[in-house]
Every structure is written in structure tokens, then in C-alpha cells.
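If you read the protein sequences in the order shown, they are chains A and B.
Quick note on the UniProt record's numbering: the first sequence kicks off at 1 and runs consecutively.
Quick note on the UniProt record's numbering: the second sequence kicks off at 1 and runs consecutively.
Any given hint could turn out to be false.
[Said to hold, decoys possible] Distance ranges between label pairs, derived from CB positions: (1) Leu267/A - Ile314/B: 44 to 54 angstroms; (2) Arg74/A - Ser310/B: 16 to 26 angstroms; (3) Ala209/B - Met122/A: 31 to 41 angstroms; (4) Arg266/A - Ile314/B: 54 to 64 angstroms; (5) Leu179/B - Glu58/A: 41 to 51 angstroms; (6) Arg230/B - His212/A: 28 to 38 angstroms; (7) Leu9/B - Asp148/A: 22 to 32 angstroms; (8) Pro281/A - Ile314/B: 49 to 59 angstroms; (9) Ala64/A - Arg230/B: 19 to 29 angstroms; (10) Leu134/B - Glu300/A: 54 to 64 angstroms.
[Unchecked claim] Computed, partial: chain B to chain A, Cβ under 7 angstroms: (11) Phe222; (12) Ala225; (13) Arg226; (14) Gly227; (15) Pro229; (16) Trp234; (17) His237; (18) Pro316; (19) Arg317.
The set of hints was computed from the structure by calculation and includes no laboratory data.
The beta carbon of each residue, even a glycine, is placed where N, CA and C say it ideally should be.
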Amino acid sequence: MNVLEVRDLRVEFPTHRGVLTALDNVSLSIRPGEILGVVGESGAGKSMTGLAVQGLLEPPGRIASGSVTLNGRRIDTLSDREMTRIRGREIGAIFQDPLTSLNPLFTVGAQLVETIRQHLPMSASAARARAVELLAEVGIPAPSERVDHYPHQFSGGMRQRVVIALALAARPSLIIADEPTTALDVSIQAQITALLRRLCAEHGSAVMLVTHDMGVIAETADRVAVMYAGRLIEIGEVAQVTRDPQHPYTQGLMGSIPALGARVPRLEQIDGSMPRLNAIPPGCAFNPRCPQAGPRCRRERPELFTAGAEKAACWLLEGGTA
Amino acid sequence: MLVFILKRLVNAVFVMMAVAFLAFAIFQVAGDPVEMLANEQMSQVDRDALRDRMGLNDPMPVQFMRFVGNAMQGDFGMSYRNNQDVIGLIAERFPATMELVLVATLISLVVGIPLGILTAIGRGRWYAEGLQFLSIIGVSLPSFVVGIMLILVFSVILGWSPSFGRGEVVDFGWWSTGLLTPSGRAALVLPAISLSLYQITLIMRLVRAEMLEVLRTDFIKFARARGIPRHRIWFRHALRNCLMPVVTMTAMNVGALIAFALITETVFQWPGMGMLFIQAVTFLDFPVMAAYLVIISFIFVVLNTMVDISYAIIDPRLRSAR
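So here's chain A without its partners, still in its complex pose:
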């Protein structure tokens, strides 16, 4: 059974000028122990998907239709109070900026103990022992001393390890990591992704890894979902998608990554920019920028078509021509 199952998710933001559709028809699933990378430009809806799953959409944003199922239980219809019991317990979260994710006025130990005792029936001393274990597990040296330190006494990379420890505190079956390495030094990035990978393998947790960095996805994820303008346009095994992308947008994305050692005079780029949420064109959202767009792309919206082991939303895959 899949840990997470998202079906036809649609998220809307009612505004003064009408309803904006931030996510449209997003479907994805994650198996136990699997790392699903979610990639896309800023505003493509990748973070939004994570927030919607956690029930943390900022009002007036709301799930308009579709469903979110966690370990066989539908959670998008739960009240905020019920979701509070699921967040942290069954869904762990890792945020982008470790410098601002921790409350500056409490020791990391206090924040760990608070999270542990919120979700697990443990005495204060047992929770503290567990906090020290968790810090050791995420690779923080001298954890029994560090547990009493305040966030500002840790470096950025160490703080992100603390954040990961907090996410793992109650052994959740799903971890949503939103740009976990973006705010870190490149040398620290590799350590953090390796740590994430190791911990998930050990605990069998499923991970939704949200990032705009294809390199992180290639190193860390098992499968990848590509998002564009609030829609899922391609999903499949990482190796397959990177080697043989099906959607023209993904092809453009891969073409814009420099390869080590290869002599490329100039990197490819995708002309234009992603449409704003209030100006998504009819048909395929990518059609104004697509080099292969045909008349049908401007009229009808393509669904996900199976192409070998993966799926992509492009008319080219249905009949070969757009």
C-alpha cells in the first residue's frame, strides 16, 4: 500500500478578482521507503502540494476537490484539530531555512522533547534521552551537551540536522522536505541529502522531496514528478526521466543542466517564463513556450499519457503529433 496517495488535487485561492487555481489535477503516490522528488520553477506549485498534504494551506487557500490519503486514511477532510495529531506524528516536515525554522528562545532539547511528548506517551526524562539519541542519529557531535544549546549556537548545516531530528522525532511514515538544502552551502548540501537518504532507508519512511534543483533530485530521489503552472506534467523513475524526458518542458529543463566534462558552447534555455496563476493559457499550460506545440495544444488540455515506464501530459505522446 502506498504511504501517500494524492488524487486529482485542486487547490484554489479565492481573491477579490476571482478564484486562482494554484494546483490543478495533481495526482501522485509514494511507496514506503521511496523518495519522490517534486521539481519545478518557483510558483509551479511544488511547495503548495506539500502544504496541502499537511493541511497547512494559508487561508483563504483551500482544497477545492480531489483527495489526500495517508496510509489508507483520507486526511484532506479532517478538522485542523485532527490534523494536528497527524502532523509531526505521521507526517514529518523539513523546511527550507534552518536559520528561521527553530524557535530562538528555546533550547533544541526543549523543542525536541516538546515534539516527542506531544506525540508519544513518554516521561520527560525518557523524552530527553530520546532527544539525545535523535541528535546522535542525525550526526550532531557531543549530543548530550548540544541538547541544552540554543539554536543560535549551531551552524546552518547543524541546525538543518536539528530540524531533521525534529521531523523524525515521532518516526513518521512520510516526510515532506521543502527545499531542505537550498539555504545551505554546497558542501553541506551533499551531507544533508546523504543523511536524509540514509535515515529514510533505515526507517522505511517515504519522502516527498520538494526542490528546484535537478541535481539534488538526481542524487537523492527514486522517482521524480515535474510540475508546471500548478499541474503535474511528467512523473517517472529518476533515471528514466533524466535520460529520456518525454515532455518538451522536461526536455528543456534537462537541456539547461551543464554536464561535467562535456564541451557545450552555450546551455539551452526555455524561452519565455511560466504563466502567472491568473493568466494560464487554455489547453496545455506550456503551449506558448513549447517548440513543438500544435493547434490541439492551444485548445485541449492533455492528460497524463503513459510513455514506457513513465507518464507525461503531452499530446505528442497520444498520437505522435500535436
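Position chain B against the provided structure of chain A, taking the given hints into account.
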């Protein structure tokens, strides 16, 4: 931490020296004290003798140092009006003002902080907006109007409480308190409320603004994602991050309240320092005015220093900072 405190103390001493100089300057601009003390029949020889005895022929720095030295021993000279020791006059009035101000501060914190939290977390609801509206009235009503209205309603019409004075007091050494007798407590209620009304609205608005700010931060969102219940987020995580400005403002305002209590004291005929000062001004009683200035400033400086030190207690990040 020790260095931090020492630096603050050195600062405080410098400020007090500047204030002492101002108080000292009052005598210099206020005319010749000998002329005020001497009566018409005094001969020029007697006047010169008096001038010499008072040390007024000494160079200015010597006079100033003597003023400072005496002030540090609590000696501000004799009142021009009734030849009493100035410090004795002030000591007699000080407890009345202090009790009034402390009770008013307590009321403003106990009422203002919860109202601030309520209006922040209930933003957009009718009760929060209603309180916001009422607070504008609270801010804009001058305290003497509030005082007179309170006297009119509760003393004149309802007859629930005395309209002036302090009631019976009990002496502890030089400190006299009205808190231990029923009539003393009854007499305290109206002046304390009238003095605290403005503070309540100020603290409420400050806490509201700070709460709204803090509730938008990443660490609050991360706390939500960790599954911490809302009441805990509000009262533990957010409130403590709001406390710094509240502490600052409260402490500063205790000083301001002591200084501005003179309006309330006049309205309620409260026998405090404010009344003493008003009387001193009418009689051009310079030693009392100078002593009042020095003592009020001393209270301000002590409070400010305590605020700085309490910052370091609330916020661990400041402890290592110099």
C-alpha cells in the same frame, strides 16, 4: 554576562551625572538663593556671610561636586517653603505614588496582554475588531477626563468608592501603605484604573502587533508542522517572542507613570509626589523641584538598566553579546 551588566551600570552612572548637572543648573538659572532665603532686614554683611556658608562663592565645579555628593547621601537641602528636609518631604509622598503606579501597571499587564493575544488570534472576528475600536477610544481619552468620569459615576452617582484621598494607611518604617486597610484599598481603585486605562490599550495594541508579526514567522509554521497544538503555539512559542518589547515598554512606562501620575493625583487629591511637585512649582520651591527631577530620573535609569538585563534573561542570543 557580568561584563554586560557592568557596561550597563557604567552607562547608568553617566546618565545620572548628566541629570544631576541639569538639576544643579536649575539653581544657577533660577536666580540668587540668598535673595530668596534672606529677609528684608538682613544686612549686606549677613548676606555675604550666608553666601559664604552656603558655599556659593566656591568655583562652579566644586559646587557641582558638592551637590552630587550630597544628593548621593540623600541630601537635597531644605525646602524654601517650609524649611523641611526635601528628602523627608519626598520620602513621605513616595510610597503613595509608588503604590498607585505599581497597581496601575499590574492592572495594565494583567488586562492588556490577554486582550492583545485575543485580538491577534481572533483577527477579523467581531470581538477582536470591537476591542480594537474600543482601544482607540482608550488611547484618545485624556486621563483627567477618565478620572473625572470615574469619580462622577462611581463616587457621586453610585457612591461605591471615595472620590479623593488615600484612605487609612499603615506604616512600615518610613513606608506607608494603603493596601492593608479596606478604606485604603477602596481609595486606590479609581485612581489606579484611571491611570492604567491608557496603558492597557497601549499594551494590548503592542502585544497584538507583535503577535501578528511572530505568528507569520517560519518557526511558528514549523511548530504547526511538528503538530504542536494551537494554544501551545500561541501561549508558549509566540507569546514569549512578543515579551521583549512588552517588558521594555512596561518598564519605561513605570517611569512615565510616576511622572504623569501628577495629573491623576491632582484629580483624585492623591497625596503623592506629583502633588508635591505641583505645589513646589506654585511656590518656586527649587530644592524640591531639583530633588524630584533627580529622583524621577534615577527611577527611569534603574528601570532601563533592569530592562537591558532582563533582555538577556529572556533572549539567550543576547547573553554572549557584549
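Hints versus structure:
no., hint, in the structure
1, Leu267/A - Ile314/B: 44 to 54 angstroms, "holds, 51 angstroms"
2, Arg74/A - Ser310/B: 16 to 26 angstroms, "violated, 49 angstroms"
3, Ala209/B - Met122/A: 31 to 41 angstroms, "holds, 38 angstroms"
4, Arg266/A - Ile314/B: 54 to 64 angstroms, "holds, 55 angstroms"
5, Leu179/B - Glu58/A: 41 to 51 angstroms, "holds, 49 angstroms"
6, Arg230/B - His212/A: 28 to 38 angstroms, "holds, 31 angstroms"
7, Leu9/B - Asp148/A: 22 to 32 angstroms, "holds, 29 angstroms"
8, Pro281/A - Ile314/B: 49 to 59 angstroms, "holds, 53 angstroms"
9, Ala64/A - Arg230/B: 19 to 29 angstroms, "holds, 24 angstroms"
10, Leu134/B - Glu300/A: 54 to 64 angstroms, "holds, 57 angstroms"
11, Phe222, "holds, 4 angstroms"
12, Ala225, "holds, 4 angstroms"
13, Arg226, "holds, 4 angstroms"
14, Gly227, "holds, 3 angstroms"
15, Pro229, "holds, 5 angstroms"
16, Trp234, "violated, 13 angstroms"
17, His237, "holds, 5 angstroms"
18, Pro316, "holds, 4 angstroms"
19, Arg317, "holds, 5 angstroms"
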